[in-house]
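J.: For the sequence shown, the working numbering begins at 1 and goes up steadily by one.
Hint data in this document are derived by calculation from the structure and do not stem from the laboratory. Only a predicted model underlies this, so the values are computations on that prediction, with no experimental measurement involved. One or more of the hints may lead you astray.
Listed below are the simulated DSS-like cross-link pairs for lysine-lysine, each with C-alpha atoms no more than 27 angstroms apart in a straight line [unchecked claim]:
#1 42 <-> 30
#2 30 <-> 20
#3 37 <-> 26
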Amino acid sequence: MFSKFLKKKKEKALKGGSAKVRKSMKDYSKEDFFVKKVEAAKEVLGKWGLPNELSK
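With these hints in hand, go ahead and build the complete structure from the sequences.
T.: Structural data, given as structure tokens:
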């Protein structure tokens with residue numbers, strides 16, 4: 001019963017993505033906050049790697 005709930009939840013999550021990207025949106029890739037987050041994520045991935053489910 002619980003697995004049916006999770007399956008329905010996944011199906012709902014996958015349906016209907018309405019995100020839009022505009023060309024006039026500011027590029028935040030060089031902002032200090034995001035640069036620090038990317039560096040921290042790379043350090044964690046380098047140390048422990050990806051979980052087996054994601055590395056396939």
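J.: Going through the numbered hints above, which ones does this structure break? Give me the numbers in ascending order.
T.: none
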